[in-house]
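K.L.:
What follows is the residue order along each chain.
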Amino acid sequence: METTRPSLDPRVRRANQRLALLLGAVAVGLFVLFIVLNLK
Amino acid sequence: MSIATTATTAPHDEHHGPARGLMRWVTTTNHKDIGTLYLCFALAMFFVGGIMAMLIRAELFEPGLQLMQPTFFNEMTTMHALVMIFGAVMPAFVGLANWQIPMMIGAPDMALPRLNNWSFWILPFAAAMLLSTLFMQGGGPAGGWTMYPPLMLQTGEAFPFVIFAVHLLGISSVMGAINIVVTIFNMRAPGMSMMKMPLFVWTWLITAFLLIAVMPVLAGAVTMLLTDKFFDTSFFNAAGGGDPVMFQHIFWFFGHPEVYILILPAFGIVSQIIPTFARKPLFGYSSMVYATASIAFLSFIVWAHHMFTVGMPLTAELFFMYATMLIAVPTGVKVFNWVATMWRGSLTFETPMLFAVAFVVLFTIGGFSGLMLAITPADFQYHDTYFVVAHFHYVLVTGAVFAIMGATYYWLPKWTGHMYNEKLGKWHFWLSVVFVNVLFFPQHFLGLAGMPRRIPDYAVQFADWNMISTLGGFAFGASQLLFLYIVVQSIRGGAKATGRVWEGALGLEWTVPSPAPYHTFREAPEVH
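Quick mapping for you: the protein sequence lines, in order, are chains A and B.
Residue numbering for the first sequence follows our numbering, beginning at 1 and increasing consecutively.
Residue numbering for the second sequence follows our numbering, beginning at 1 and increasing consecutively.
Do not rely on the hints blindly, as some may be mistaken.
To be verified - Derived SDA-like pairs (lysine to any residue); straight-line CA-CA distance at most 20 Å: (1) A:Lys40 - B:Asn237; (2) B:Lys496 - B:Gly417; (3) A:Lys40 - B:Asp232; (4) B:Lys229 - A:Ile35; (5) B:Lys426 - B:Glu350; (6) A:Lys40 - B:Gly240; (7) B:Lys280 - B:His528; (8) B:Lys229 - A:Leu39; (9) A:Lys40 - B:Lys496; (10) B:Lys426 - B:Val488; (11) A:Lys40 - B:Leu226; (12) B:Lys229 - B:Gln154; (13) A:Lys40 - B:Thr227; (14) B:Lys426 - B:Gln489; (15) B:Lys229 - B:Ser369; (16) A:Lys40 - B:Gly144; (17) B:Lys229 - B:Trp145; (18) A:Lys40 - B:His249; (19) A:Lys40 - A:Leu30; (20) A:Lys40 - B:Ser234; (21) B:Lys229 - A:Phe34; (22) B:Lys229 - B:Gln137; (23) B:Lys423 - B:Val501; (24) B:Lys280 - B:Asp232; (25) B:Lys280 - B:Val360; (26) A:Lys40 - B:Val488; (27) A:Lys40 - B:Phe230; (28) A:Lys40 - B:Gly242; (29) B:Lys229 - A:Asn38.
Think of the hints as simulated: they come from the structure by calculation, not from any bench.
Chain B with its partners taken away, still in its complex shape (with noise of 0.2 Å):
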């Protein structure tokens, strides 16, 4: 980890702050204001894919339809998936790394501002065309995120508008991966080698190189489902020559290293909020930056674990079984380095804390879940079923979105120069974790009982835990407004908070004021 020492921010900057009005957020190149801005827009498409969850669990409150035609509930768990993904939990990590990685590294700003400008602003585009087929004759998107062919071909008029925001989507990922990756390697304050770096930063350049290698092949995948829909290629249609399961192999060639792209940066966050409530060093600093690049590896070597059911040959299954429990290892060494951290720490447990230590508990249940499911057998029985559902969502909801809560509280002060409110954070941490429990740990069990996923009716065997889920979703979703509520608080206002902010932080973004001004690191700072 890097020692810093001399901040060195532009003098008189309190003379050369932003640009006034609109335009400033339209123009702007700035990469604290990109990432303002990548933060708001995910902050509000995931209280949109919240509103989408909330009509899914309303449906599923109990047996029969009671809300919705299937065919809506569908398009909701279509988009739902996709809104969340490509519109809360990237943005709102790219936004993280915007503020984040300049600072950490001591560099002035993003290596390509304008670029960074273009990443940011395709996506509400983006994000509003894919809305906006909720409308189109035939409506929306109701094959899954996966949009496996030939379901996703029976799409009406929003077909092309739906691969049009995928292309769009992906090409802003890829632009600000780009970014990510330039800005770590050739913006670097001297001193700041690679093994000095923040974890936040590793985990990003890892994920940053994941998104440059599959982003491509979601592009091409998509746009072979578009030539086959259109121009009579036969890519994935089977009565012209062509393969649906080859598009599955393909989806999921990139499904999976995506899932570690919703996942890594969270690793690096909570690598950085342990250490400093803890009070001590991270445990074992190079063995998480190589296990983090062996999930990477091994993430491009797993794909078909999700495709168990499709009738694949004996040893691709048992070399996919074993390849994916593989994963535990390099996993298991960052859970095991993280308890390492946090042992004999002096601890204390502020709002930050609570969501890693909650992070590093739920997201290991959501880890062996994952186990489970890797063992071929097994998946038969549990494919498709609603264990699956709860398994992605201990990985995603207590993984990488408590991970983003907890780096929002844990950097907000230095973005606002606010202190939060410690006592609402604490109460919307408690709320946040009883209800998402309530929200997705009885969904192991209607899985395992066979409920299957995305259908709107069911077995009355399955109404209590059902029930429950669905209270514990309205729950959760309104203990996210406390969210809003605590942010925009201390955006307005509260506390000073000093430059240090963390009595344990340590790294470059705290030896700058806070707020971090608006131009940081004029001169490159030196670091031990």
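Excised from the complex, chain A in its bound form (with noise of 0.2 Å):
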């Protein structure tokens, strides 16, 4: 069963959030940036 997963470390999962928030923030940024790019 799913619940027999070992838990996370609160720790390590705000670190594992925090940086797959950071990474989406690129991505979108990205698709973003390369739009306004060829705006004129």
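Two chains, two separate frames, one set of hints: put the complex together.
P.N.:
Shown next, in the form of structure tokens:
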């Protein structure tokens, strides 16, 4: 069952979420940047 | 390379297996389940894309139009590429990453298990939407996987569905890549420093960064296509002040790193398999890491070699020519290191090793033809001919696909707990390696003789080599049914696999039993 998965240390979990959000923001930022660069 | 010591699996794992039934697969957040889903999906898409390839080769069996209208032929070339790249090769590598990376770095699972489930389940919907466009009014996309405007804008009702499918595939890839980066950065077992990580993990880390950097660029490009079509913008419309060549620049700024996304994990796989069957540590581990990073960096500054013929300034052509040739240096380092690893090793040639050795030889042929294409004046002759088709199929079939097959044979006993049938595996290898060359090598000759790509008909002087290529194609395609049979047979039963499976295998994944328990490394293993 999924409940038997060892739970992560909350600090590691928060660090994972922060890094994932940062990388996601980079991806969204690049998407917007490449469209904005082509506006004139 | 890391040396594994203590295998720490959850006690009483046998009592805490997966949930039963269909919902196990829908709701799972287990990296092994999700890895299996990715691999099954990739295999299904490999056969779907393969059927399209068979249709293409059947039409090209002899001159003239035999089986299909030119538009449908163009739909097949476009969809074959999209399905194989986004549906087969990339998901197969993500599946391998899901299964192996947590086990190789001593992590209990991927860092973001729910995101992992979502990354996978987007894929079947995106693929179904993409394939459904073939049945829409006006047919599916037929302008090539590169989607160049204005040709792409002539697509019928399928157009927005293709764009949405590409967006979904991109979102899935980026989420998968974020998960892999976070897992590798934050979830390594104590003692597993970056420079102790197995090469497969390193190559995937670099690939994941490439994905995060370039998939949004593709998303931006196709979004601009969408607004050009439906919202009267003129990003790529010359009549409105836009520039269709700009699309090519943006597309290939994504497209060239994408090529490395498709091959760097293959480098990692080969770097795992060769030391195991040479019974020697990988030669030049650090140089392998730096070479991979160098290739990734260079992949961002070579994009315009795909578009030498659009009419660029001479300085730009020279820059992109020399930058492209520079990639041969780190790639050469890798090939040298693989050969040096085998040199005076206690070599045995089980099926994974056969695929790895074939990879080294045949990928290098694809690399050399790539160097030929990098020479700007020569490329003016080769551009849009079958020479290019031969080149990238050597890189992607005898490169990426062979590495995926080698990896499957290598890790299958760890996944299923059963050895596959070695005799059949060798048959599969030899049939594949012979017929893949019958399929693709003559395409070099056709290209050099001037046969254009993406054309359903051709002049009679190209007839003989096309006939041979098609025969090779059908035989290669049929050989893959044997692969399917071997994999299914190994899942259903067979000789019991030991934990270590291969005599020369080193690394954490080989310290857990076969099949790997549902939850591994409840407590972090020690790594020296």
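K.L.:
Just to be careful, I want the Cα atoms of Lys229 (chain B) and Asn38 (chain A) compared with a cutoff of 20 Å; is the pair within it?
P.N.:
Roughly 16 Å separates the two Cα atoms, so the pair holds.
K.L.:
CA of Lys40 (chain A) to CA of Phe230 (chain B), is that 20 Å or under?
P.N.:
holds, 19 Å
K.L.:
Holds or violated: Lys40 (chain A) and Lys496 (chain B), Cα atoms, limit 20 Å.
P.N.:
Not OK: Lys40 (chain A) and Lys496 (chain B) at ~65 Å, beyond 20 Å, violated.
K.L.:
Checking one constraint from the list: CA of Lys40 (chain A) to CA of Gly144 (chain B), max 20 Å. Satisfied?
P.N.:
Violated: Lys40 (chain A) and Gly144 (chain B) sit about 28 Å apart, past 20 Å.
K.L.:
Below or equal to 20 Å on CA atoms is what counts here, so check Lys40 (chain A) against Leu226 (chain B).
P.N.:
holds, 17 Å
K.L.:
Lys229 (chain B) and Gln154 (chain B): Cα distance at most 20 Å?
P.N.:
At roughly 9 Å apart (the allowed maximum being 20 Å), Gln154 (chain B) and Lys229 (chain B) satisfy the hint.
K.L.:
Is the straight-line distance between the alpha-carbon of Lys40 (chain A) and that of Asn237 (chain B) 20 Å or less?
P.N.:
Measuring from Cα to Cα gives roughly 13 Å; hence the hint holds.
K.L.:
Verify the proposed pairing of Lys423 (chain B) with Val501 (chain B), using a straight-line Cα cut of 20 Å.
P.N.:
holds, 17 Å
K.L.:
Starting from Lys40 (chain A), check that the Cα of Thr227 (chain B) is at most 20 Å away, please.
P.N.:
Status holds; Cα separation ~15 Å.
K.L.:
Keeping to a limit of 20 Å between CA atoms, is the pair of Lys40 (chain A) and Leu30 (chain A) held or broken?
P.N.:
Holds, because 18 Å separates the two Cα atoms, which is no more than 20 Å.
K.L.:
With the threshold set at 20 Å, check whether the alpha-carbon distance from Lys496 (chain B) to Gly417 (chain B) stays at or below it.
P.N.:
OK: Lys496 (chain B) and Gly417 (chain B) at ~6 Å, within 20 Å.
K.L.:
Run the distance test for Lys280 (chain B) versus Asp232 (chain B): straight-line Cα separation, threshold 20 Å.
P.N.:
Not OK: Lys280 (chain B) and Asp232 (chain B) at ~61 Å, beyond 20 Å, violated.
Checked against the numbered hints given earlier, the structure breaks hints 9, 15, 16, 24, 26 and satisfies all the rest.
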